[in-house]
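Listed in order, the protein sequences are those of chains A and B.
At position 261 of the first sequence the residue is numbered 265 (my numbering), and the sequence of numbers has no breaks.
At position 59 of the second sequence the residue is numbered 60 (my numbering), and the sequence of numbers has no breaks.
The set of hints was computed from the structure by calculation and includes no laboratory data.
Incorrect hints may have been included.
Just some of the chain A residues that point at chain B, by a computed CB distance under 7 Å [to be verified]: (1) Ser90; (2) Met102; (3) Arg103; (4) Pro200; (5) Tyr202; (6) Ile210; (7) Met212; (8) Pro214; (9) Glu219; (10) Glu223; (11) Ala224; (12) Val226; (13) Ala247.
Each pair of labels, with its calculated beta carbon distance range [to be verified]: (14) B/Met93 to A/Pro218: 46 to 54 Å; (15) B/Thr15 to A/Glu94: 20 to 28 Å; (16) A/Glu46 to B/Met93: 20 to 28 Å; (17) A/Ile210 to B/Thr92: 36 to 44 Å; (18) A/Tyr97 to B/Thr15: 15 to 23 Å; (19) B/Met59 to A/Ile346: 35 to 43 Å; (20) B/Thr92 to A/Lys161: 33 to 41 Å; (21) B/Gly50 to A/Ile119: 53 to 61 Å.
In silico lysine to aspartate or glutamate, EDC-like type, Cα no more than 20 Å apart, as pairs [unchecked claim]: (22) A/Lys241 to A/Glu338; (23) A/Lys203 to B/Glu22; (24) B/Lys12 to A/Glu223; (25) A/Lys193 to A/Glu27; (26) B/Lys12 to A/Asp229; (27) A/Lys208 to B/Glu22; (28) B/Lys45 to B/Asp89; (29) A/Lys241 to A/Glu258; (30) A/Lys375 to A/Asp266; (31) A/Lys345 to A/Glu308; (32) A/Lys311 to A/Glu386; (33) B/Lys12 to A/Glu263; (34) A/Lys351 to A/Glu338.
Ideal Cβ positions, reconstructed from N, Cα and C, are used throughout, including at glycine.
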Amino acid sequence: MTKRVGMEVSIAVAEAAKLARAEVIPAYPITPQTHIVEHLSEIIADGELDAEFVPVESEHAAMSCCVGAAAAGARVFTSSSSQGLSLMSEILYIPSTMRLPMVMAVVNRALSAPISIWNDHQDIMVQRDIGWIQTFAENGQEAVDLTLHAFRVAEMKSVHLPVAVNLDGFILSHVIEPIELPDQEDVDKYLPRFKPRYKLDPRKPISMGPVGIPEIYTEAKVAHDRAIKNSKKMIVKAWKEFAEIFGREYHPIESYRTEDADLLLVTMGSISETAMTAVDAMRDRGEKVGLVRIRLWRPFPGLEFRKAIGKAKILAVVDRCLPPGAVCGPVGAEIRSFLYKIPGAPKIFSFVAGLGGRDVTVERFEEMVDKARAYAKKRPRELYEVIGVREQ
Amino acid sequence: MANSDAIVSVKSLTFGCHILEPGNAANFRTGDWRSMRPIMDMEKCIKCGMCWIYCPEMAYNQNEEGFFIVDLEYCKGCGICAHECPKDAITMVPEEG
Ligand code: SF4
Ligand code: SF4
Numbered sequence: 005m006t007k008r009v010g011m012e013v014s015i016a017v018a019e020a021a022k023l024a025r026a027e028v029i030p031a032y033p034i035t036p037q038t039h040i041v042e043h044l045s046e047i048i049a050d051g052e053l054d055a056e057f058v059p060v061e062s063e064h065a066a067m068s069c070c071v072g073a074a075a076a077g078a079r080v081f082t083s084s085s086s087q088g089l090s091l092m093s094e095i096l097y098i099p100s101t102m103r104l105p106m107v108m109a110v111v112n113r114a115l116s117a118p119i120s121i122w123n124d125h126q127d128i129m130v131q132r133d134i135g136w137i138q139t140f141a142e143n144g145q146e147a148v149d150l151t152l153h154a155f156r157v158a159e160m161k162s163v164h165l166p167v168a169v170n171l172d173g174f175i176l177s178h179v180i181e182p183i184e185l186p187d188q189e190d191v192d193k194y195l196p197r198f199k200p201r202y203k204l205d206p207r208k209p210i211s212m213g214p215v216g217i218p219e220i221y222t223e224a225k226v227a228h229d230r231a232i233k234n235s236k237k238m239i240v241k242a243w244k245e246f247a248e249i250f251g252r253e254y255h256p257i258e259s260y261r262t263e264d265a266d267l268l269l270v271t272m273g274s275i276s277e278t279a280m281t282a283v284d285a286m287r288d289r290g291e292k293v294g295l296v297r298i299r300l301w302r303p304f305p306g307l308e309f310r311k312a313i314g315k316a317k318i319l320a321v322v323d324r325c326l327p328p329g330a331v332c333g334p335v336g337a338e339i340r341s342f343l344y345k346i347p348g349a350p351k352i353f354s355f356v357a358g359l360g361g362r363d364v365t366v367e368r369f370e371e372m373v374d375k376a377r378a379y380a381k382k383r384p385r386e387l388y389e390v391i392g393v394r395e396q
Numbered sequence: 002m003a004n005s006d007a008i009v010s011v012k013s014l015t016f017g018c019h020i021l022e023p024g025n026a027a028n029f030r031t032g033d034w035r036s037m038r039p040i041m042d043m044e045k046c047i048k049c050g051m052c053w054i055y056c057p058e059m060a061y062n063q064n065e066e067g068f069f070i071v072d073l074e075y076c077k078g079c080g081i082c083a084h085e086c087p088k089d090a091i092t093m094v095p096e097e098g
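All chains, please: the whole structure from these sequences, using the hints.
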């Protein structure tokens, strides 16, 4: 039996990569991801993990190295945050269309300017369209479990795509939580040796990453889009297998007290725990409020989302990212376009909260719920509102 | 530069767009956007093979008499062969039309 021990979540995620027997780990340190790669470099140096740690000169090089290692057929892990993730941007689109599996823990942090090392989701939202499978963890245990799940999904024959596991910087990464690290034996059962469909091998030469002339580019992009859309079945299957071996169940969308709710909060990541507390408080006062949490962001699990919102009349969608000049935050925009003109669709209000490490408290969630109710009666001028702005 | 051989459907596209057959670029006519072509003066040529060694497109092939003949299906007109020829036997001339 495995037992739960108090552990910093970053260390636990690094231990998950170790349990997954990652073979190549190219990484560059950046706050708040540092402890993950630092711990991995230590355990590799100590001989606890038989892997190649590549201390690259930048994140651009880190991701380039990941692509090369995955092309050679290795099980690859890396991690980044914020400016570092942005520096990878040029390369991030490449392993996905080239169908190279790898796993990256993205420890979410704001983007400059002004300089901020604190948590929000701007870093990954900038990379929304890189074509990677993207999941969001709510707590430390989930960050560990999603990391293992990411390896399983990425390497499935029909998936063969990179996976980004998002965990909130500091709020998750630097917090000590009770975590159950699974047994190596069980992880080995869950994650058989990686057998790539194709790899670079001088005995059987192939070329990867050729030019896509106009006659081919569209088809290549459509093939990628279909692959990631079709991956949802396998993502769910890998969660089922996970539950069978490790006993913890995960779904693309989670619901909390949504039964008979007329208003639902929609969240991603660690603020969902505070949102649940807020829902409990409002339920105690007799308000019919619930919570829907998006765990799987890409591919967007539309059917599951629609099922989860049931007959709710109002959605208060929380974005942790403010795209200047846009109609609203990316999660809000996604849900709006998904539900547009669907008969009986709820009214949707978008809130931006928790930028650059600003706390999102129970009171803030209550404020969003009250405002969404008021806006349902009288339509506001803007499609979104930033919560907690000091005007004076 | 449309090449009918390169037109494939989403279904027939290789996995991840990989090229699974080594050297299959030889199947495609890749030299048709050339603006200059190399012309060899056989009188001056000493069959040293420098053009064959330096051509980045491997467009030269040796014939039975030992001369190196350019295959214009693949030549890009870069002029490296003309630059490297020790006997100035290669001249670059503009493509007409
Ligand atoms: S011009 Fe360039 S491509 Fe053409 S034969 Fe000479 S070296 Fe080769
Ligand atoms: S480099 Fe000049 S001399 Fe040598 S084989 Fe080619 S054409 Fe002839």
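Results for each hint:
{"no.": "1", "hint": "Ser90", "result": "25 Å, violated"}
{"no.": "2", "hint": "Met102", "result": "5 Å, holds"}
{"no.": "3", "hint": "Arg103", "result": "4 Å, holds"}
{"no.": "4", "hint": "Pro200", "result": "10 Å, violated"}
{"no.": "5", "hint": "Tyr202", "result": "6 Å, holds"}
{"no.": "6", "hint": "Ile210", "result": "5 Å, holds"}
{"no.": "7", "hint": "Met212", "result": "5 Å, holds"}
{"no.": "8", "hint": "Pro214", "result": "6 Å, holds"}
{"no.": "9", "hint": "Glu219", "result": "5 Å, holds"}
{"no.": "10", "hint": "Glu223", "result": "5 Å, holds"}
{"no.": "11", "hint": "Ala224", "result": "5 Å, holds"}
{"no.": "12", "hint": "Val226", "result": "5 Å, holds"}
{"no.": "13", "hint": "Ala247", "result": "30 Å, violated"}
{"no.": "14", "hint": "B/Met93 to A/Pro218: 46 to 54 Å", "result": "29 Å, violated"}
{"no.": "15", "hint": "B/Thr15 to A/Glu94: 20 to 28 Å", "result": "24 Å, holds"}
{"no.": "16", "hint": "A/Glu46 to B/Met93: 20 to 28 Å", "result": "60 Å, violated"}
{"no.": "17", "hint": "A/Ile210 to B/Thr92: 36 to 44 Å", "result": "39 Å, holds"}
{"no.": "18", "hint": "A/Tyr97 to B/Thr15: 15 to 23 Å", "result": "19 Å, holds"}
{"no.": "19", "hint": "B/Met59 to A/Ile346: 35 to 43 Å", "result": "58 Å, violated"}
{"no.": "20", "hint": "B/Thr92 to A/Lys161: 33 to 41 Å", "result": "55 Å, violated"}
{"no.": "21", "hint": "B/Gly50 to A/Ile119: 53 to 61 Å", "result": "60 Å, holds"}
{"no.": "22", "hint": "A/Lys241 to A/Glu338", "result": "25 Å, violated"}
{"no.": "23", "hint": "A/Lys203 to B/Glu22", "result": "13 Å, holds"}
{"no.": "24", "hint": "B/Lys12 to A/Glu223", "result": "9 Å, holds"}
{"no.": "25", "hint": "A/Lys193 to A/Glu27", "result": "17 Å, holds"}
{"no.": "26", "hint": "B/Lys12 to A/Asp229", "result": "13 Å, holds"}
{"no.": "27", "hint": "A/Lys208 to B/Glu22", "result": "9 Å, holds"}
{"no.": "28", "hint": "B/Lys45 to B/Asp89", "result": "8 Å, holds"}
{"no.": "29", "hint": "A/Lys241 to A/Glu258", "result": "16 Å, holds"}
{"no.": "30", "hint": "A/Lys375 to A/Asp266", "result": "14 Å, holds"}
{"no.": "31", "hint": "A/Lys345 to A/Glu308", "result": "18 Å, holds"}
{"no.": "32", "hint": "A/Lys311 to A/Glu386", "result": "28 Å, violated"}
{"no.": "33", "hint": "B/Lys12 to A/Glu263", "result": "43 Å, violated"}
{"no.": "34", "hint": "A/Lys351 to A/Glu338", "result": "14 Å, holds"}
In summary, the numbered hints that this structure violates are 1, 4, 13, 14, 16, 19, 20, 22, 32 and 33.
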